[in-house]
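Novice: Please put together the full structure from these sequences, using the hints given.
2 protein chains.
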Amino acid sequence: MTRFALTVEYDGRPFMGWQRQDHGPSVQQAIEEAIQGITAQEVRVHTAGRTDAGVHALAMRAHFDIETRLNAFRLMEGINAKLRPQPVAILACEEVGEEWHARFSCIGRRYVYKITNRRAPLALDIGKSWLIVRPLDVEAMHHAAQILVGQHDFTTFRSVHCQAKSPVKSIDQISVTRFGEEIEVEVAARSFLHHQVRSIVGCLGLVGEGKWSDKDLNDALEAKNREALGHNAPPDGLYFVEALYSASDTE
Amino acid sequence: MTRFALTVEYDGRPFMGWQRQDHGPSVQQAIEEAIQGITAQEVRVHTAGRTDAGVHALAMRAHFDIETRLNAFRLMEGINAKLRPQPVAILACEEVGEEWHARFSCIGRRYVYKITNRRAPLALDIGKSWLIVRPLDVEAMHHAAQILVGQHDFTTFRSVHCQAKSPVKSIDQISVTRFGEEIEVEVAARSFLHHQVRSIVGCLGLVGEGKWSDKDLNDALEAKNREALGHNAPPDGLYFVEALYSASDTE
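Note that the protein sequences, when read in sequence, are chains A and B.
Under my numbering, the letters of the first sequence match residues 1 to 251, in that order.
Under my numbering, the letters of the second sequence match residues 252 to 502, in that order.
Hints are computed from structural coordinates only; laboratory data are not their basis.
Bear in mind the structure is a predicted one, so any value in this text is a computation, not a measurement.
We treat Cβ as the ideally placed atom computed from N, Cα and C, and that holds for glycine.
Possibly wrong hints are sitting among the right ones.
Heads up, simulated DSS-like pairs for lysine-lysine below, C-alpha to C-alpha not over 25 Å straight-line [what the hints assert, rightly or not]:
1) A:114 to A:169
2) A:128 to A:114
3) B:379 to A:114
4) B:416 to B:475
5) B:365 to A:114
6) B:420 to B:466
7) A:128 to B:379
8) A:165 to A:224
9) A:82 to B:379
10) B:333 to A:128
11) B:365 to B:420
12) A:169 to A:224
13) B:475 to B:420
14) A:224 to A:211
15) A:169 to A:215
16) A:224 to A:82
17) B:475 to B:462
18) B:365 to A:128
Here are some of the chain B residues that sit facing chain A, going by a computed Cβ distance under 10 Å [unchecked claim]:
19) 259
20) 262
21) 304
22) 307
23) 308
24) 336
25) 343
26) 370
27) 375
28) 379
Ranges of calculated distance between the beta carbons of each label pair, as one might list FRET restraints [as the list claims (entries may be wrong)]:
29) A:25 to B:388: 31 to 41 Å
30) A:53 to B:354: 39 to 49 Å
31) B:322 to A:231: 24 to 34 Å
Specialist: Laid out in structure tokens, this is it:
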């Protein structure tokens, strides 16, 4: 058996999310079926992040084990050919040791959340950004976001369906930056709770609109209660952008 | 009658192009029907650029005349509501004098053509960029492009269906810039021939791949013959980004 690591880009719109579902298409199923189409082997693909329905990835990491004489490049070409015309592309494929695990070896994850701040509806970015019509104070958003950096009980910012054992997570960095009418919220942590980034961005949107103060955000965090959440942002603007592994894992 | 000027963003994929067609949907028809839905008046919308099927716009300019008591803001909001869910958005609407004409008053037009230069298929940018797999030499493309700047007979770079009286056009600027795996070709001129930008970018792609030299591009230009064209780039990567008007026209 050989283990291969993948880097994957996908448009989340047509999928029920990363994870296989009985009731609709998933990114996992698309990739597993593409691999099976080449190798005729049952295969299970593991990922660094199980993104929700409608959430995108610029560079998701994943791995799987198969018996094959194909090298990593041929395998990548074959999977990409089988994936067509679905909006999933394998950007890179490499052979890794069996101790390398896309999920368990991952020591850092980074998401970007894209907001379009303008009056007009989205045309080119439908499903790929969150439209907020009221003018946003990006400096206030960035300032408030720093309250959430560090280790906290994120119960307020966690889906009721979250399966993590503990609600305590440590956020390494949050930055909010404006590029014209586009705003990007970048969030980095070792790992995240279910809906954590969308819950954070939803509340930062309230701060940006002037509806919430720093104190409101802090109170929501301190409440440790999902009922205290101001708003959960839609999946449209969320992109998984990077998974980090320690140098020894990739050697 | 009041004349209103529009700034329009659209995703060209579902449309046969800007101009009304008997055989399919057009951006012009979408906007005209939206205006008629509000004012119950027959209306004709004029544009700065009649883009082809699949070509996008970040900021197309257009105008129309109607009898209305609505101000420009209410009119814009109404048109945007009627346009939904089509991927066309009115970014700005303003009242202008009857001497202002979206097409005839326009003194400069700017397009950006987006190329993705990588091995993997497109996932997030399907229909919105031109995928070129072979590594492109962007400096060679930029250098060769300067041959086309200035006034020339662009017969080679013109669709056989082009209706312009003269093939002589003056290109003000072409720049080719790389941002990671994305390459942007920016082209500015007072006006363009049908397929001119796509024809230019198609040939610059050949230069970037090393298949054409500066001399080959110059020979194609000198040939003044459509048969000498190396390649016509697909519509996917083309965006109308700016129409310029003299200050006196907008005052």
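Novice: Each hint should be assessed against the structure and marked as holding or not.
Specialist: Hints and how they fare:
1. A:114 to A:169: holds (23 Å)
2. A:128 to A:114: holds (8 Å)
3. B:379 to A:114: holds (18 Å)
4. B:416 to B:475: holds (15 Å)
5. B:365 to A:114: holds (20 Å)
6. B:420 to B:466: Holds, at about 21 Å.
7. A:128 to B:379: holds (13 Å)
8. A:165 to A:224: The given pair, whose Cα atoms are some 15 Å apart, holds under the 25 Å limit.
9. A:82 to B:379: holds (22 Å)
10. B:333 to A:128: holds (22 Å)
11. B:365 to B:420: OK: residue 365 of chain B and residue 420 of chain B at ~23 Å, within 25 Å.
12. A:169 to A:224: holds (13 Å)
13. B:475 to B:420: Answer holds: residue 475 of chain B to residue 420 of chain B is near 13 Å, not above 25 Å.
14. A:224 to A:211: holds (20 Å)
15. A:169 to A:215: Holds, at about 21 Å.
16. A:224 to A:82: violated (45 Å)
17. B:475 to B:462: holds (20 Å)
18. B:365 to A:128: holds (18 Å)
19. 259: At 8 Å from the nearest chain A Cβ, residue 259 of chain B passes the 10 Å test, so the hint holds.
20. 262: Holds. Min distance 5 Å.
21. 304: violated (16 Å)
22. 307: holds (6 Å)
23. 308: It holds, given that the least Cβ distance between residue 308 of chain B and chain A is near 9 Å, below 10 Å.
24. 336: Holds. Min distance 8 Å.
25. 343: Check passed: Cβ of residue 343 of chain B comes within 8 Å of chain A, closer than 10 Å.
26. 370: With Cβ-Cβ at 8 Å, under 10 Å, it holds.
27. 375: holds (5 Å)
28. 379: holds (8 Å)
29. A:25 to B:388: 31 to 41 Å: holds (39 Å)
30. A:53 to B:354: 39 to 49 Å: 44 Å Cβ-Cβ, so the 39 to 49 Å window holds.
31. B:322 to A:231: 24 to 34 Å: With Cβ atoms ~32 Å apart, the hint holds.
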